[in-house]
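Participant: Sequence:
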Amino acid sequence: MYHVHWLVVSEKARGQGVGGALMADAVRRFVLGPGSIEVVTFGADHPGAVASGARAFYERLGFTPAEATDPGPEGGSRQVYRRSVI
Numbered sequence: 001m002y003h004v005h006w007l008v009v010s011e012k013a014r015g016q017g018v019g020g021a022l023m024a025d026a027v028r029r030f031v032l033g034p035g036s037i038e039v040v041t042f043g044a045d046h047p048g049a050v051a052s053g054a055r056a057f058y059e060r061l062g063f064t065p066a067e068a069t070d071p072g073p074e075g076g077s078r079q080v081y082r083r084s085v086i
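According to full-length UniProt numbering, the sequence shown is numbered sequentially starting from 1.
Quick caveat, the hints were computed from the structure, so don't treat them as lab data. Computed from a predicted model, the values in this text were never measured in an experiment. Please note that a few of the clues may not be correct.
As the list claims (entries may be wrong) - What follows is a list of derived Cβ distance ranges for each label pair:
| no. | residue 1 | residue 2 | range |
| --- | --- | --- | --- |
| 1 | Gly15 | Asp70 | 26 to 34 Å |
| 2 | Gly35 | Arg60 | 30 to 38 Å |
| 3 | Gly33 | Pro73 | 18 to 26 Å |
| 4 | Gly33 | Glu74 | 33 to 41 Å |
| 5 | Ile86 | Ala21 | 14 to 22 Å |
| 6 | Leu32 | Gly75 | 33 to 41 Å |
| 7 | Ser77 | Arg28 | 25 to 33 Å |
| 8 | Ser77 | Leu32 | 27 to 35 Å |
| 9 | Phe30 | Thr64 | 14 to 22 Å |
| 10 | Val85 | Lys12 | 26 to 34 Å |
| 11 | Arg14 | Glu74 | 16 to 24 Å |
| 12 | Pro34 | Ala13 | 16 to 24 Å |
| 13 | Val80 | Val50 | 28 to 36 Å |
Just so it is clear, CB atoms sit at the ideal spot from N, CA and C, and this is done for glycine as well.
Using the sequences provided together with the hints, build the complete structure.
Facilitator: Quick look at the structure:
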């Protein structure tokens, strides 16, 4: 299991493929399949879920929602996303 701890792209660079390119390069360099990649991001009811675009971003990259996890430090819900790697 590989974990993405934190991935942030500035608002000015969003929508230009920067985040996808960063993830693709990280997977190419560091992930030895088969296995899975896991990331924790905002839960569906978290105010930052829509504003950040994180959930939609990970879904576009082939990640699927898994279980909910402990709330973040601000108290907002969190969701685990996973993607298989061959």
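Participant: All hints are to be evaluated individually against the structure, with a verdict given for each.
Facilitator: We went through each hint and held it up to the structure:
1. Range check, Gly15 to Asp70: Cβ separation about 30 Å, and the 26 to 34 Å hint holds.
2. Here the CB-CB span from Gly35 to Arg60 is close to 21 Å, at odds with the stated 30 to 38 Å.
3. In this structure, Gly33 and Pro73 break the distance hint of 18 to 26 Å, their C-beta atoms being roughly 33 Å apart.
4. With their beta carbons about 35 Å apart, Gly33 and Glu74 fall inside the hinted range of 33 to 41 Å.
5. Distance hint check: the CB atoms of Ile86 and Ala21 are about 20 Å apart, consistent with the given range 14 to 22 Å.
6. Checked against the hint of 33 to 41 Å, the C-beta distance between Leu32 and Gly75 comes to roughly 37 Å, which is consistent with it.
7. As the Cβ distance of Ser77 to Arg28 is approximately 32 Å, the hint placing it in 25 to 33 Å holds.
8. The hinted window of 27 to 35 Å between Ser77 and Leu32 holds, with their beta carbons roughly 32 Å apart.
9. Distance hint for Phe30 and Thr64: a CB-CB separation of about 21 Å, consistent with the stated range 14 to 22 Å.
10. Separation of Val85 from Lys12 is about 30 Å and conforms to the stated range, judged on CB atoms against 26 to 34 Å.
11. For the pair Arg14 and Glu74, the beta carbons lie near 21 Å from each other, so the given range of 16 to 24 Å is met.
12. Restraint check, Pro34 to Ala13: a C-beta distance of roughly 32 Å breaks the suggested window 16 to 24 Å.
13. Roughly 19 Å separates the CB atoms of Val80 and Val50, a value that falls outside the hinted 28 to 36 Å.
Hint compliance for this structure: hints 2, 3, 12 and 13 are broken, all remaining hints hold.
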